[in-house]
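Got chain B sorted already, so can you dock chain S onto it with the hints?
These protein sequences, in sequence, are chains B and S. One rule links them: number in my numbering = place in the first sequence (from 1) + 8. One rule links them: number in my numbering = place in the second sequence (from 1) + 623.
Among the hints, erroneous ones may be present.
Reference listing, derived: stretches of chain S covered by chain B, where coverage requires no fewer than 3 residues with Cβ under 8 Å from a Cβ of chain B [what the hints assert, rightly or not]:
1. 627 to 636
2. 659 to 672
3. 676 to 684
4. 715 to 727
With a cut-off of at most 30 Å between alpha-carbon atoms, the simulated DSSO-like pairs for lysine-lysine come out as follows [as the list claims (entries may be wrong)]:
5. LYS163/B <-> LYS48/B
6. LYS78/B <-> LYS33/B
7. LYS760/S <-> LYS163/B
8. LYS48/B <-> LYS78/B
9. LYS70/B <-> LYS173/B
10. LYS760/S <-> LYS173/B
Derived by calculation from the structure, the hints in this document are not laboratory data. Every value quoted in this text rests on a predicted model; they were computed, and no experiment measured them. In this text, a Cβ means the ideal position worked out from N, Cα and C, and glycines have one as well.
Chain by chain, the residues run as shown.
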Amino acid sequence: MVPLFDHNALIVAIARSGDRNAFAKLFDHFAPRVKGLLMKAGTPAELAEEVAQETLLTVWRKAALFDPSKASAGTWISTIARNLRIDIARRETRSRLSQVYEIIDEDGPEQPDMAVWGAERDLRIRAAMTELSPDQYRAVELAFLEGLSHQDVAKQLAIPLGTVKSRLRLAMSHLRGRLEDLR
Amino acid sequence: MSAAHRPSDETLAAFATGRLDEGLALVVATHLERDASSRRRMRSFQSVQGALLDGAEPVAMSIRATDVLARERDAAVMVEPGHSPETGLPRVLQPYTLGPWRPIGIGIAMRKVDVAGAEARVFMLRAGAGVALPHHKHSGLEWTTILSGAYEHQYGRYAAGDFDEADSEHEHTPRVDPVEGCTCIAAVTGDVLFQGWLGRLLQPLVRL
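This is chain B alone, in the form it adopts within the complex (with noise of 0.2 Å):
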C-alpha cells in the first residue's frame, strides 16, 4: 500500500503546478476506491461512477484548498465525495444539505494549537482501524458508511441489537483510546 504522505503530496502537486501526472496517480488509487465504496453501501453502478469521476474532478479544482494539517488525502476526498453524491443523488429535489456540510467544514472558533490535530488523528485512527475484528469493523461500516441506526445495522447483519451496540461500543472504545492523549 502507497503511505499516506505521498497521496498529501500529490494533491499539493497539482495545486502548485497543475501536475497532470499527480492527478492520474490520485485518480487511479482513488476513484476505483470511491465507487467500490458507493455501491458497497448500496448506490447503483452508474451514480458511484459519475459520484467517483466528480469527486476526483473537483480535488483537480479545489486541491489549493487541501490542507494537510487538517485531514489527510484519503477523509478530505471522502468528505467531497459525501457532498457530492448528496448533490447528485437529491437534484431533483433541490437539497441544500451539501451547503450546510460546507459551513460546518469551514473553520469554526477552534483552538490554533489543533492544527496538526487532524492529520495526527487520521494518521491513529488509520491504524486503530487496523485492529478491529472482521465483524467490528463490518459494524462500523453500516453504521459510519451507510449512516444505519444500530436497529437496521442488527437487521442487515440477522444478529440481536445489543450484539451490535456492544461491537460498536468496543470499537469506539477503541478507536478513542486511541485518540486519548491527542486532545
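The following block gives chain S in isolation, referenced to the frame of chain B:
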C-alpha cells in the same frame, strides 16, 4: 459555547455519512455550528470514513484520468443564485427559505423552515419566559437545538447550544426558562401528540 447535551454517537455518525433526513440533519448542524466539542467528534467520524475509503475494495472505472481532465476544459462555471442572509440566524440556515413568525398561542410563536425533500418538518419556536409548552408525546422523532434561552423537562435543563434528541418513548412537558424565555429549532417526524384541551387546540397548527 459549550453544551451539556450533545447528539449520540449513532446520530453523529449518521450525520457524518450524509444519509440522515435533511430536516433532522439541519437541526444537528445547528448544534454543530455552536459546539466545538461535537464538531471535533464529528470530524473523527469523518476520519473513520476516510480510513474506510483507504481500505475499500476498488471497482474499475469506465473512464481514464486524462478523459476526465479533458472534460474540465468545457465545464460550465456554476454560480449559486445568492440572496442576502437575514442577520442573527444560524449560518447553516442561510441556504433555506424561512416563513414569517406566527403566533400559535399565548407567548408562543412559530416559524416554518422550508426544507424541500425532507421527511421531517422543521420549524423555529419562540416561547416567552415561564411558558409551559403543552404536555406531548411523539409517534416519531423530535430533535431540537436551543438557540437562546433555555427550557427544562424531566430529562434535564437544555440551554443555548444544547441538542435534545427525543424519540417516541419520550413524553414530556417542557417548561421555558422563567427569565430568558427560549428560542429553538426543531425537526419532527411522524406526529406530535398533544394532550389536554390546549393541546387539542394547537394540534392543527403544528401540522405545518
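A quick look at each hint next to the structure:
Proximity of the region 627 to 636 of chain S to chain B, defined as three or more residues with a beta carbon under 8 Å from a beta carbon of that chain, is established by the 3 residues found. Check on the region 659 to 672 of chain S: 11 of its residues sit with their Cβ under 8 Å from a Cβ of chain B, so the three-residue criterion for coverage holds. With 9 residues having a beta carbon nearer than 8 Å to a beta carbon of chain B, the region 676 to 684 of chain S meets the requirement of three or more and the stated coverage holds. As drawn, the region 715 to 727 of chain S meets chain B at 4 residues by the rule of a beta-carbon pair under 8 Å; at three or more, the given contact holds.
Only pairs whose Cα atoms come within 30 Å are accepted, and LYS163/B paired with LYS48/B is accepted, the gap being roughly 17 Å. Pair hint LYS78/B plus LYS33/B holds up; C-alpha atoms about 22 Å apart against a cutoff of 30 Å. A hinted pair counts as satisfied when its Cα atoms are at most 30 Å apart, and LYS760/S with LYS163/B qualifies at roughly 27 Å. Using a Cα cut-off of 30 Å, the hinted pair LYS48/B and LYS78/B holds, with the two alpha carbons roughly 27 Å apart.
Taken as a hint, the LYS70/B and LYS173/B pair is broken in the structure, with Cα atoms around 38 Å apart against an allowance of 30 Å. Proximity of LYS760/S to LYS173/B is assessed by CA-CA distance (about 26 Å); at most 30 Å being required, the pair is judged to hold.
Comparing the model with each numbered hint stated earlier shows that hint 9 is the single one that does not hold.
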